[in-house]
Amino acid sequence: MAKRLAVVDVDRCVGCQACMFACTRRSGLGGAATARIGVRSAGGMRKGFVVVVCRACPDPPCARVCPVDALVPRDGGGVRFSADACIGCGNCVSACPFGAAFWDAEANKPLICEYCGVCARYCAYDVLALEEVPDADR
Amino acid sequence: MPIGDPLDRVLSVDLSRRRASVERRPELFDEGLGGVGVGIRLLEEARVVGADPLDPENAVVLSVGPLVGHYPLASKTIALFKSPHTGTLGESHAGGRSAVSLRLAGYGAVVIRGASDRPVYLVIDAHGARFRDASALWGLRSSYTVGTVLRERERGSGHRSILRIGPAGERGVTYASVITETYRHFGRLGLGTIFGSKRLKGIVLIGNRTLPVADSSAYRRAYDEIFRAATTSDAMRKYHDLGTPMNVLPLNELGALPTRNLRTARFEGADAISGEAIAESLLGRRLACSHCPVACVHLAALRVPHPREPYFYKTLMLGYDYEPIYALGSLLGISDPGAMLRLIDEVEIQGLDAITTGGVLAWATEARERGIVTDKELDGVALAWGSSDGYVEAVRRLVDPPTDLYRALARGVEHAAGIYGGEEFALAFAGNEMSGYHTGPAIHWTHATGARHSHLDSAGYSVDQKAEGAAGPDEIVDGLIVEESWRQVLASLSVCFFARSIYSSDRIIEALAAIGRDESADRLERLGRETLARKVRFKFACGYDPTRVRIPGRILETETPHGRIDERAFRRAGPVCWPCFPRRHRGS
Chain A
1 MAKRLAVVDV
11 DRCVGCQACM
21 FACTRRSGLG
31 GAATARIGVR
41 SAGGMRKGFV
51 VVVCRACPDP
61 PCARVCPVDA
71 LVPRDGGGVR
81 FSADACIGCG
91 NCVSACPFGA
101 AFWDAEANKP
111 LICEYCGVCA
121 RYCAYDVLAL
131 EEVPDADR
Chain B
139 MPIGDPLDRV
149 LSVDLSRRRA
159 SVERRPELFD
169 EGLGGVGVGI
179 RLLEEARVVG
189 ADPLDPENAV
199 VLSVGPLVGH
209 YPLASKTIAL
219 FKSPHTGTLG
229 ESHAGGRSAV
239 SLRLAGYGAV
249 VIRGASDRPV
259 YLVIDAHGAR
269 FRDASALWGL
279 RSSYTVGTVL
289 RERERGSGHR
299 SILRIGPAGE
309 RGVTYASVIT
319 ETYRHFGRLG
329 LGTIFGSKRL
339 KGIVLIGNRT
349 LPVADSSAYR
359 RAYDEIFRAA
369 TTSDAMRKYH
379 DLGTPMNVLP
389 LNELGALPTR
399 NLRTARFEGA
409 DAISGEAIAE
419 SLLGRRLACS
429 HCPVACVHLA
439 ALRVPHPREP
449 YFYKTLMLGY
459 DYEPIYALGS
469 LLGISDPGAM
479 LRLIDEVEIQ
489 GLDAITTGGV
499 LAWATEARER
509 GIVTDKELDG
519 VALAWGSSDG
529 YVEAVRRLVD
539 PPTDLYRALA
549 RGVEHAAGIY
559 GGEEFALAFA
569 GNEMSGYHTG
579 PAIHWTHATG
589 ARHSHLDSAG
599 YSVDQKAEGA
609 AGPDEIVDGL
619 IVEESWRQVL
629 ASLSVCFFAR
639 SIYSSDRIIE
649 ALAAIGRDES
659 ADRLERLGRE
669 TLARKVRFKF
679 ACGYDPTRVR
689 IPGRILETET
699 PHGRIDERAF
709 RRAGPVCWPC
719 FPRRHRGS
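So the protein sequences, as listed, match chains A and B. Each residue of the first sequence is one higher than the one before, starting from 1 at the first, in the working numbering. Each residue of the second sequence is one higher than the one before, starting from 139 at the first, in the working numbering.
It is worth saying that the hints were derived from the structure and are not from the lab. Hints may contain errors.
[Unchecked claim] Cut-off 30 Å, straight-line C-alpha distance, at most; resulting in silico cross-link-like pairs (DSBU-like, lysine-lysine):
| hint | chain 1 | residue 1 | chain 2 | residue 2 |
| --- | --- | --- | --- | --- |
| 1 | A | Lys-47 | B | Lys-452 |
| 2 | A | Lys-47 | B | Lys-376 |
| 3 | A | Lys-3 | A | Lys-109 |
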């Protein structure tokens, strides 16, 4: 079964960014620069937060604009990313209306969610969840 | 430090010449670890001891420790400077996104010198510091607006911290704060005043990089242990549930909640301004500092009606913590939470320290009652316990003083009492207004002896609340010094003090080893002692004399949970220990 990440309730987000650090830790590093998830204030801390995740679109625009098929649509929505094939053109970053294709400036390649759910495991407030893609969405 | 860790990079900014440069200082971070341990060394190097705090020569050091960006709860930036409020050591810790942004911009410390000839703000990122004109921002009426403007004008949302001052910092009130992320502060000792004197309106810190680790599986293990403790331990639960305002009811019950300028230590209105009551009716949301799952920052959603229009409201999101509730609530006899929150809001707008502002207003109220100050000197503001509208008016006048009295109050209660009298009820130690704990002698020893005269220096309130009267004064004071020394280790790692029970010596050693730094318990303890000794030496060099610290008569008169503090015993334990600081705790 394909899984995807869901923002269950963005209004519960406290802005701790533990999800971003968790995602970066997957690459064995500290910091937050290789996170495939983004949390920022919605215009100042008074206004709450915006949580940006890949929603695993059924017909992903990022894959459609990739000139080298480094992003291939996944069964159940979303994409699989092949870093070896990627030429670093950045089309995917422009194509995603959510800004969920993040950018690794060091590698000059996008950072694409792998739907592993590690970020959700470190969310103390149930803002994030890893869910199974329902048949209706497939 | 593991190869590639940028912690040892020190960014020096000269505001007078508009130049910035970066230097690697590995030896400094080997010796001092980071945070306060490195910051105090940089402050010594800056040779500010003889400088007037408001002179361009004064320096501001911002520093972070090695755990920041790697581990949860390592979320503080340590600021060191010569304080315009006390004339000695200025030290202030703030969270928000500041520490993580500074660390991930690739620096362990920033040293700011000089003064700009016109208002500027700084943008600090991986490429260094840039100077931006802030003349249009100077004189803005509200600190909130400064944040809004910088937020919209600069990039880096989600990876940045915006430090700024309000009108109080521009106008030289000696206890002006630097505000970060709207709800966190470099408070108490006037960092905002120093920013103002340097015509530095704000700093935008932008940082987003990775940090190397030495052993990634050990790193994940150490991380998970700390994260689990942060999210499940009882020690953190209190900060998590009600936040620091959980203290209001227990302290009131004990008879330790300073009320009406500490004429009493029990407040009949405590229930209404308790953490429980505010959470029940007003808690709107909770916030966290970067990389802290605890989210202790509690925001009240306060509906405020339009003064004339019917059915017209605005909703303010206002931070409340124990300290502002004490200082701007019980200390002023205010029991209406809405009125208290509006006063907190005014203090935020002006960019003042909440504790000192409350202390100043409480002293002025009592001074008015006793006829020491007149209504004319108060510019017609009839200060009276519980009357928040008058206090809001008075706060505005602290920043824009119409009379000599307000000018004096803008320098703190000791200064004002030195001119007008009423010293026995001027609640300050060595120039710094007291915190919200009248728990017994230990907290007042903390106030009197702590390196920055803050309750957080050696946490006497905690000793008082645990003590069963078994320990003698000398024992207690020695215990406070051990606590204050250990806190230098936490502040060198720039870990939040709320997490002190999580960051035990063993955990720290394990966490550091995983990111490539070997430490031992002995070495950490030595670092703590030596850092404290350096801070105390700095104070002595600035002219601090522990034997001349004034003990406000009021703390001796008003009963504590341990009864009245015995003046002779209190003073005796004091001088026994104070002059010994440099000798006994020099470190080796």
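Going through the earlier hints one by one, which of them does the structure break, listed in rising order? none
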